[in-house]
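Trainee: Work the whole structure out from these sequences, hints included.
Protein chains in written order, with numbering that gives the first Met the number 0: chain F, 0 to 180; chain H, 0 to 568.
Because the hints were derived from the structure by calculation, they are not lab data.
Please read these numbers as outputs of a predicted model, since none were measured by experiment.
Derived EDC-like pairs (lysine to aspartate or glutamate); straight-line CA-CA distance at most 16 Å:
#1 H:Lys71 <-> F:Glu85
#2 F:Lys153 <-> H:Glu58
#3 H:Lys71 <-> F:Asp84
Calculated from the model, a selection of chain H residues having no Cβ within reach of chain F, i.e. all distances over 10 Å:
#4 Thr8
#5 Lys92
#6 Lys278
#7 Phe296
#8 Lys374
#9 Asn460
#10 Asp488
Stretches of chain F that chain H covers, calculated by requiring three or more beta carbons in the stretch to come under 8 Å of a beta carbon on chain H:
#11 50-58
#12 75-83
#13 150-157
All C-beta atoms in this analysis are idealised placements derived from N, C-alpha and C, irrespective of residue type, glycine included.
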Amino acid sequence: MNRRTAIRNCFFVTAGVALIPSCMQNNDGGKPSQVYNKIPITAKHELMMAELADTIIPGGETPGAKEVDAHLFSLVMVNDCFSPDEQQQFLKGMDEFEALCKQSFSKNFAALNETQRKSILEKVVTMSSDKNNAAVQFYQKSKGLILQGFTNSKYYMTKVRVYEMVPGRFHGCVPVKSVKA
Amino acid sequence: MGNNIQNTTFDAIVIGSGISGGWAAKEFCDKGLKTLVLERGRDVKHLKDYPTTNMNPWEFQHRGQLPYDLTKENPVISKCYAFKEDATHFFVKDKEHEYVQEKPFDWIRGYQVGGKSIMWARQTQRWSQYDFEGPARDGFAVDWPIRYNDIAPWYSYVEKFAGISGNKDGLDILPDGEFLPADELNCVENHFKDHVADKYNDRHVIYGRCAHLTQPTELHLQQGRGQCQKRNLCQRGCPFGGYFNSNSSTLPWAEKTGNLTLRPHSVVHSIIYDEAKGKATGVKVIDAETKEEIEFFAPVIFVNAAAYNTNLILLNSISKRFPQGLGNDSGLLGKYVAFHNYRAKVSAKFNGLSESTTDGRRPTGAYMPRFRNVKKQETDFLRGYAIGVYAGRGSYTDTSGVGSTLKESLLAEPNHGSWNISAGMMGETIPKITNTVSLDPVKKDEWGIPQLKISIEYDDNDEKMIKDFFAEMTTMFTEAGYTDIKTADSKQAPGLDIHEMGGVRMGNDPTTSLLNKWHQLHSCPNVFVTDGACMTSTSTQNPSLTYMAFTARAVDYAVDQLKKGELKA
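Mentor: See below:
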C-alpha cells in the first residue's frame, strides 16, 4: 500500500474532526465524504474501508481499489442495496473486525502496518469456517464489494478489460487465442 | 405534441401506442385518415427520451443493481428480467397502478408512448397453419376464424417494414418470412443443432428470428433507422434504431404524414356507445395529469391498450345495450385469458470445443420450434412448447487471494471457463373459462376507473408439459455429450412471461366469441381489437409479430369498409 497516501488521509481526517465538530452530531468518527442516509457511517469508517480496499487490491504502478474509490462504492451499496438486517450485520461485523485488530495489535485496522493488516486478513480467513462470525461475514462481503467496485470501475473497464459499448460484430466460433476473454 | 387539442373529431381513434397501436397509427395515417392516438403515459421521443442509452457500466451508481427500497416497494416489477438500473424508468411501479391478484399474477407493464415495445425481447417467429388449426383439432377454446394463409401476406408486409433477421429454414411448423441476414449460431449451438439433426427428423435447431436491422433496406433508412450494432442494451432504447419499436419506426412514420395526433397522458375511461345510432361513436378520456374528462369522436376505434387493459376498457364501457361491457353479448369478455408457460429451464456444461469461443455480441440465440403434437396428438398433454437455446462461454478470474497476488490475477488475462448451454421452455397454455380478468367491484384507481382483478393459474396440462420438457431436454443434452445437466422450475406466477393474451377472443360464432375474423366486435363492428386480447389460443411463439400483422390487416379492412360506407360516423 501507499503509505504516504494513508498518512495523508489520516491527517486529513484528523484535521476534519478538529475543524468541523458541529457536523459530527452523534458520530464521533468525523463527517463522511458522501451522504449515507441509512447507515451511521463516519469518516473513520470510510478510512477503514479505504485501507481495507488498499490491502485487498493495493495501488502502486497501477491504481488499486482505493484509487478507484471501490471503498466508497462498497459503502454506497451497503447503504442502498442491503436490507436493514444485512446492514446491521455488516456494521456489527465491521465493529468486530476492528475489535479483532485492537485485540491483536491495540490499534484500528487503518493504523496497522502492511504486515499487521495481512495477518489480520489471514486470521479472518482461518476463522471462515464459522459462518456466523460477524467479522468473517463483514470481510467476505467487503471483499466482494471491493472486487465489484474495482472491476466495474472506469479505470478497469477502459484500461484492463475493455468494455465495448458498441461491438458491431458477432462471430460465433473463433479460436480462443484470437480474442480476449 | 401539446395536449390542447382543439379538434375532438377524427377519422380514426387508436387506444394505445405500443407495438400494435403504433402499427394501427401508421396504417391509418398512411391511408390518409386523420388519426388520434391516445396513450395513457408520458411521451417518449426516439433518442431524446432514452436517458441511459449511452451510459457506461461504471456510470450507474449501483452498477446495474436495484436499490433495496425499490425492490421492496415493487415486489412484482422487480421480478422482471429487464427491470434493472438502466431501464426502471420504462416500467410501471407496483404502487403507481395497483391491481387485484385473486391468484398470484405478475403484471408487467410499460405506460408511455411506445409501451413495452421499447423494452420487448424482440423475438419474432411466425405462427404456422398448425397453430391456427390447434383449437379446432384438439377441441379447446373455439376455432380461429382465420388461417395461416389469411395472415401470411400481412406477416410479409410488417416484416419488411419492421426489419426481421432470420434464415430461410424451410420448416412448415415455423414458416419463413421476409428476412434480413441472420447472425450466427455459436460453436456449441451448432454442435447441438447437428446432434439433434442426426437423431430426430422432426426437431430443428435454428437461429431465432428477431426484429433487428442486420442490413437495413431503403425502407428502414427512410425511417431514420440504422444497422444494429450488437450492443445488447436494447431495453434502454437504441441510439441507432437498430431494433424495432413504435418510437423509432411506426409513430414517427405516422407523424410525417401530417395525419397523426398523439395525445399522451390520456387514460381511456371507456368507449362511448350511442344507443340511437347503434354503434360506438368515440372515447371518453381522463387526462392523467389534470383529471379533466374529455371526449373524442371517430367512426372507427381500434383498441390496442395491451391485452388486459383492452379487456378493462371494454368491461368498463357500459351502456344500456351492453350492460356487461362493450360487445359482451356472449358474457365471455375477460374469460379464456391465457399466457405462456416460461417456468422451466434446463442447463448443462460442455467440456468440448475448448479451443473455441465467441467474439462480439448478438441479439438472440438458437430456437427450437414446437415438435410435440404437431401433426397429431402423441402425448398425455395438449399442444407443446418451443425452446430458446443459448450457449456461451464465460471467463473466470481467481479472486481467492489478497494483495499483490490478487491484483496480478485481476490484471492478467482471464481464464476461459467451460461452455454452458441452457434451454428455456416456451409452453402453450390452454385458455379456460376459469382464467379471467374482471373489474373489481370496489377498488378504483386514481382516475376513478375500477381496478382489474386477475384470476389466472396453471393447470395439469402445464405441469405435464414441464415434465415432458425436462425429460426430452435432458435426453437431448445427454445425447449431445453435455454434462452436469440441471433442471429448474422457477414456479414463477403467470404474467412474468409478459405474454398475456385473450379475453376478447376471435371466433366465428358470436355466442362463443367476441371478435369476428376482421377483429371487429361481433355486435359493435366499428370497434376493433388487434392486440393480445384478441388471441383465441396462445401457441408457443413470441406473439408481437402476429399482433403487428393482425393490426395491418384489420386497418386495411376497416379503411376499405369506411370507403364503402359500411362504418359511417
